[in-house]
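In order, the protein sequence lines correspond to chains D and A.
Here the first sequence is numbered in our numbering, starting from 1 and rising by one per residue.
Here the second sequence is numbered in our numbering, starting from 1 and rising by one per residue.
Note that these hints are calculated values from the structure, not bench results.
Small disclaimer: the values here were computed from a predicted structure and weren't measured.
Possibly wrong hints are sitting among the right ones.
Partial list, derived from the structure: chain D residues whose beta carbon lies under 7 Å from chain A [claimed, not checked]: (1) Lys23; (2) Gly24; (3) Thr75; (4) Phe175; (5) Gly215; (6) Ile279.
Take a look, some chain A residues computed to stay more than 10 Å from chain D by CB distance [what the hints assert, rightly or not]: (7) Thr28; (8) Gly87; (9) Gly108; (10) Ala264.
Where a beta carbon is used, it is the ideal one built from N, C-alpha and C, also for glycine.
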Amino acid sequence: MEIPARQSLPAMKQAPSHQGGQKGDPAFRLLVTATGVGVLVVLGAIIAVMVTGGWKAFATFGPGFLVSAVWNPVTQHFGAAAPVFGTVISSALALLVAVPLAFGTAFWLTALAPPAAAAVIGMAVQLLAAVPSIIFGMWGFFVVVPVVAHYVQPIARQLFGHVPGLSALVAGAPFGTGLFTAAFILAVMITPSITAVMRDVFLSMPAVLRESGYGLGATRWEVMRHVVLPWSRQGVVGGIVLGMGRAMGETMAVTFVIGDSNHIGWSLFAPANTIASLIALEFPESPAGSLKLASLMALGAILMAISFVTLWFSRWLLARGEQAAGR
Amino acid sequence: MKANNTLMRADRSASLLWRRHMCDKLATGLSWLGMLIVVFMLGSILWTLFKNGLAGMSVHLFTLSMAAPGQPGGLANAIMGSLIQTGLAILIGAPAGLMTGIYLAEYGAGSRMARIVRFVSDMLLSAPSILIGLFIYMMLVVPFGHFSGFSGAVALAILAMPIVVRTTEDMLRLVPVAMREAGIALGAPKWRVILFICVRAVRAGIMTGVLLSIARVAGETAPLLFTSLGNSEWSLDLGRPMASLPVAIYQYAGSAYQDWMQQAWTGALLVTLGVLIINIVVRVGTRGGRS
Numbered sequence: 001m002e003i004p005a006r007q008s009l010p011a012m013k014q015a016p017s018h019q020g021g022q023k024g025d026p027a028f029r030l031l032v033t034a035t036g037v038g039v040l041v042v043l044g045a046i047i048a049v050m051v052t053g054g055w056k057a058f059a060t061f062g063p064g065f066l067v068s069a070v071w072n073p074v075t076q077h078f079g080a081a082a083p084v085f086g087t088v089i090s091s092a093l094a095l096l097v098a099v100p101l102a103f104g105t106a107f108w109l110t111a112l113a114p115p116a117a118a119a120v121i122g123m124a125v126q127l128l129a130a131v132p133s134i135i136f137g138m139w140g141f142f143v144v145v146p147v148v149a150h151y152v153q154p155i156a157r158q159l160f161g162h163v164p165g166l167s168a169l170v171a172g173a174p175f176g177t178g179l180f181t182a183a184f185i186l187a188v189m190i191t192p193s194i195t196a197v198m199r200d201v202f203l204s205m206p207a208v209l210r211e212s213g214y215g216l217g218a219t220r221w222e223v224m225r226h227v228v229l230p231w232s233r234q235g236v237v238g239g240i241v242l243g244m245g246r247a248m249g250e251t252m253a254v255t256f257v258i259g260d261s262n263h264i265g266w267s268l269f270a271p272a273n274t275i276a277s278l279i280a281l282e283f284p285e286s287p288a289g290s291l292k293l294a295s296l297m298a299l300g301a302i303l304m305a306i307s308f309v310t311l312w313f314s315r316w317l318l319a320r321g322e323q324a325a326g327r
Numbered sequence: 001m002k003a004n005n006t007l008m009r010a011d012r013s014a015s016l017l018w019r020r021h022m023c024d025k026l027a028t029g030l031s032w033l034g035m036l037i038v039v040f041m042l043g044s045i046l047w048t049l050f051k052n053g054l055a056g057m058s059v060h061l062f063t064l065s066m067a068a069p070g071q072p073g074g075l076a077n078a079i080m081g082s083l084i085q086t087g088l089a090i091l092i093g094a095p096a097g098l099m100t101g102i103y104l105a106e107y108g109a110g111s112r113m114a115r116i117v118r119f120v121s122d123m124l125l126s127a128p129s130i131l132i133g134l135f136i137y138m139m140l141v142v143p144f145g146h147f148s149g150f151s152g153a154v155a156l157a158i159l160a161m162p163i164v165v166r167t168t169e170d171m172l173r174l175v176p177v178a179m180r181e182a183g184i185a186l187g188a189p190k191w192r193v194i195l196f197i198c199v200r201a202v203r204a205g206i207m208t209g210v211l212l213s214i215a216r217v218a219g220e221t222a223p224l225l226f227t228s229l230g231n232s233e234w235s236l237d238l239g240r241p242m243a244s245l246p247v248a249i250y251q252y253a254g255s256a257y258q259d260w261m262q263q264a265w266t267g268a269l270l271v272t273l274g275v276l277i278i279n280i281v282v283r284v285g286t287r288g289g290r291s
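Chain D on its own, in the form it takes in the complex:
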């Protein structure tokens, strides 16, 4: 073991080189900093590649690309409106299902469950989050689609088919594939991640606040509603937005059950497409350099813009929530 030497001492110059202090430190610093900056380069490259790859489509169709609902490889006419519509609607519907489920589960995990049960169920929720998306797709196609085709849509049509205004929502042949099924699968996929964020922000609240609520005679629901929720609002919204970001970018699960149709309509049960599913389905028939591939890249750029803005917003909310918690 050598005698400790500070870098400023001249003796350091003669220090054995295997410790590598003088050259090692700056070199290591440079290495890790370069890797860190490399992360930024990757993101920059992704943005650059998407935009340049899709440039031909933007240049050919102009701003009309965003609002045109035509997707016709025969006439070489492509527009983004239908898949963007499908992406937004399926994610919004998924949130309608996932948020109550996630909130209920998080409430159960943090306030109602005995500790041992909370550990087991918490683990189950984590496992559901880890299931690969293609498995959700297969499960959706072979289990959920028949249920939707034989029960959900026929029953919905019986209930709402004659109600003016609602009948359009349930119209169409009962294929089983479509927006509703995709939204349902997405909901099951994002519920665990929303639950995990909600549970974490609920648990990060100082226990004293919760206990003072109980001390005043409040019920568990009242503590949740009037103490925990107001305290953790930003984190909860951040978790929900994060889930939405996941839902919008999901590919494989949606590809199996969305029905592959570039059509904008009222019916919740009609086949549709999301940006990600359209890219996955059409890519094999899009040779490099073709206008179709450029249009898919342009769609990728749009998806990137939507999901990065969403993710940025959720991180910002979560960070603000954490800051408020740290105070």
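Based on the hints, put chain A in the right spot on chain D.
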């Protein structure tokens, strides 16, 4: 009059109490329902996988390559391809993630640059994986003119890295300052303190991150569709299209052939079991460590 008032007030407070308890009961009931639905979904997925997948478990599945419908075939090449691509992805992604994590925790702490890097890494963590596939397609497939296993591994590496960044930084922040000071006081240069004291101290936690990243990329399909493409023959050549389990499942599940369907289910069972077992090991192993 006064008695009447008191009676009314008692009556009202009793009904208020009753309403509050009903509200609580209702919320509790709905919360149980929500939890049960989530658990039911997981149960339904696992049940479906076992019911359909177990029948196809055989030696051939692991010894034969993919074949035309009706021919004896297995998933050996897809399993091998998945192992190679996932392994290479971790070999690229884990060191890069470790370095970035070290930068964030040890060098960049508090700086503007580090905040941006952390933010971007978090964005990549949740970025749609299909975009990563398109990106690598343009970067590594189009210029070389053909799909390749290597490009698939790079795409997976980009997905694996942010997870390692996250866990490495979180773990390094748990290392007490006193430990660093002890290292510095013994005359060790900073890089040795970081690598041989701090990283060593939390290597179990960092391993957790690496395992989770394996679990994440092993089941990824979307980024491989445009990069390694899939291959029905046995191939270990990273410069050529390479089969992978998720892509094989995707091809087979969409087919109309009974034996392909069977193999798709069995492959799906294999992937899911692998991913879930890694997750269970990690979470049981680190129970109580972190939320």
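Do the hints match the structure? See the list:
1. Lys23: violated, 9 Å
2. Gly24: holds, 5 Å
3. Thr75: With a minimum Cβ separation of about 24 Å from chain A (threshold 7 Å), the hint on threonine 75 of chain D is violated.
4. Phe175: violated, 16 Å
5. Gly215: Not OK, violated: glycine 215 of chain D not within 7 Å of chain A, min 16 Å.
6. Ile279: holds, 6 Å
7. Thr28: violated, 6 Å
8. Gly87: holds, 17 Å
9. Gly108: Given that some Cβ of chain D is not farther than 10 Å from that of glycine 108 of chain A, nearest at about 7 Å, it is violated.
10. Ala264: The claim is violated: alanine 264 of chain A sits with its nearest Cβ about 7 Å from chain D, within 10 Å.
Hints 1, 3, 4, 5, 7, 9 and 10, counting from the list given before, are not met by this structure.
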